[in-house]
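First to last, the sequence lines map onto chains F and L.
Position in the first sequence counted from 1, then plus 16, gives you the working numbering.
Position in the second sequence counted from 1, then plus 43, gives you the working numbering.
Since the hints were derived computationally from the structure, they do not count as laboratory data.
Relax, there's no trap hidden among the hints.
Derived BS3-like pairs (lysine-lysine); straight-line CA-CA distance at most 27 angstroms: (1) F:K422 with F:K499; (2) F:K499 with F:K427; (3) F:K516 with F:K531; (4) L:K54 with F:K200; (5) L:K54 with F:K26; (6) F:K516 with F:K285; (7) F:K504 with F:K284; (8) F:K531 with L:K54; (9) F:K430 with F:K284; (10) F:K430 with F:K285; (11) F:K516 with L:K54; (12) F:K200 with F:K285.
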Amino acid sequence: MADHHPTGIKRWLFTTNHKDIGSMYLWFSFIMFFIGGAMAMVIRAELYQPGLQFVEPNFFNQMTTMHGLIMVFGAVMPSMVGLANWLIPMQIGAPDMALPRMNNWSFWILPFAFTLLLSSLFMEGGAPNFGWTFYAPLSTTYGPPSTDFFILGVHMMGISSIMGAINVIVTVFNMRAPGMTLMKMPLFVWTWVITAFLLIMVMPVLAGAVTMMLTDRHFGTSFFDAAGGGDPVMFQHIFWFFGHPEVYIMILPAFGVASEIIPAFARKKLFGYASMVYATASIALLSFIVWAHHMFTVGMPLAGELFFMIATMLIAVPTGVKVFNWVATMWKGSMTFETPMLFAIAFVILFTIGGFSGVMLAMAPVDFQYHDTYFVVAHFHYVLFPGAIFGTTAAVYYWLPKWTGKMYNEKMGKIHFWWSMIAVNLTFFPMHFSGLAGMPRRIPDYNMMFADFNQLASIGAFALGLSQLFFLFIVIKTIRSGKKSEDKPWDGATGLEWDKLPCPAPYHTFDTPPKVD
Amino acid sequence: MSTETKEKYEKYYVPEQSPWPIVGAIGLFLLAFGGGNFIQQTTGKYGNEGSWGWLIFLVGLSIILYMMWSWWRDTVRESMGGLYSSQMDRSFRQGMLWFITSEVMFFAAFFGGLFYARTMVMPWLGGEGNNAMTHALLWPEFIPSWPMVETPAGDTTTAMGAFGLPAINTAILLTSSWTLTIAHHALIKGNRNTLINYTVITALLGVIFLCLQAYEYYEAYHHMGLTLGSGIYGSTFFMLTGFHGLHVTIGTIFLIVLSIRCASGHFKPENHFAFEAGAWYWHFVDVVWLFLFIFVYIL
Ligand code: HEM
Ligand SMILES: [Cu+2]
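Model the full assembly from the supplied sequences, consistent with the hints where possible.
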């Protein structure tokens, strides 16, 4: 009876169930991941050799722009919201999200927003071509006509994210089972509340930025136009006030995932639970005062350079605390290396590499050399692909039995892991070198001397793309013909979703709150 | 212990299914798609043919309004039907507070723009810092002063004074916050007539505010040469007061609906989330205005 659910298309269109909505978010993000991935393949094909091969420079720019926008707003963010929907109610013993109808609205806005964004590829003048950071005046004075639809699409995504974030935060503060005190919450829940807070604080600022763009483009305002007393650099300040917290929005839930999985397979309690919570909170707070590290080269006053340099480096401290805690959790644990654990360990190592290159970039004097080169591309891909995306991948392997009641094929999972692990490094590690040697980003052609590194990166990228198709295959195979999972497939797993619920979790869970001790 | 939680626990209402979210998503899509075309067609920047954008925009808007009406009708019914526990009530309250927080941040973006333009950009355009050459080469005539009645490019305008209409509007909004508080106290004390009268008065004050603001805009556009295109001063002035005006409009509609619901006896002294949400929203709009009055008009 608890498993009764509506059927047909209406189940998905009209649903109020957090598990349905979570699945829709995850599938949506998976689809966007492949669309954005296809664009990455175009980019890497063009860059396989110096000279212009396949695409026009303008189309190349459209690809880098759309790739970034789709991956950030369409793939990574929705995947995290999908995980939140599936897991948070179960992990805190709630019957559903606090505002179930609004939850469905948050989701359904997304397919429409991305239809609008993707349709710009077919408009006259082509899709946005000014980079995912859409700096003025490229996006105002010089933006193609489709820029307006990009702006309105961003508005829609913002509405969706804000409502989703409100839902998470209210669920966590108001729906916990009796006894589930704040400091007993699983870390995934903690990282998500903090993420939700960041979303509520910065998505409206992004909305403000694109609104100013729209009025600058069409209604004669001068926000980003110096002739009218505005300033294009002001755009960058407003954008990065959103943009830097945004990168933490993408990574914090992955921190949460790692903090769940590593203890489960090390069969030890998480080392330093409280310090993990405080570190996450300080990362989030600091993320509001570091934005101009993206703008060291625009000609800020010296005091600004110094302030943003030091504040940025401070973030490395709580980040270091987290890495230390993950390693300390594994220390002397009885570790086994199932696929989720492999992805989690790779996450810790490779994310840390991204953190290190971040600290290098944070030094204002040397950033003058690194800025706008492939070194930056290497940095953010290390924190995003083996960071955020490996985090989600680990989560999918870990909780797939809970969601579907089926077990994935361990051998295939391991193949997928090693394949992506090698490919991801082959793709992004050479970019450090070409960047340090001076190869600029967002350029379809390059000097001969960068040819070797680019060829390696392109080969890695194609392999990486294939490895993700293999992942899709594994997921579908698990759902259709996976072995039935035990109720507790991981002996070291803890938390309400493993201790109190079977696999798969019934359609409605915790109608009456569980006992938490 | 476990039986204890069961006894104390009121069931949390999870609605079965609802068509309104997907309807709202479709409405929003049409609103954006139509709106984008409408803008391009009216400003004619890209020489767009046709004028159907506004039609799709209006269809989208109607769908959104229909969705809001129906969705809220459902929740009012559920609330009146006693489906909502006190925990549910807390969800609504917290949700509303976070929503207002996000609105505050939306205004913060525009205030941030205003402060940055005034305290950093303007002196730089005048040659301060390391910008002497920018000034000398691009706009040597430009004299930094706020309100920026002459832009670097040489467009001129007049500044809006603070102590005519804006001061009256400040008084009106402050009064309206006060009348709304009287209404709220009356609601808690179960004093129906006062409740209805003062809610209606508050809504009326909102309408008067909007009329005066419309008049102010008319004056600005037709007699003062102050428009959206009047450099950064006009941009920040109209975007800040304009978005505030939009929020007053929403708040006023909210208050009108609340007046009707008060008159139909929907609210009880111990249970009136919608009224409180409306009141919070109104106070938020009021506070934003105070900031506007100080930073846009006076300083
Ligand atoms: C120790 C932590 C980190 C530090 C110190 C750091 C520092 C920096 C700096 C200084 C830049 C600007 C480089 C330039 O443009 O010249 C940058 C760029 C970037 N970072 Fe990080 N970062 C850190 C972690 C992260 C994380 C966790 C993410 C995302 C999950 C991230 C995503 C990005 C992105 C996307 C960009 C490039 C934006 C663009 O210009 O397109 N970073 N980082
Ligand atoms: Cu940053």
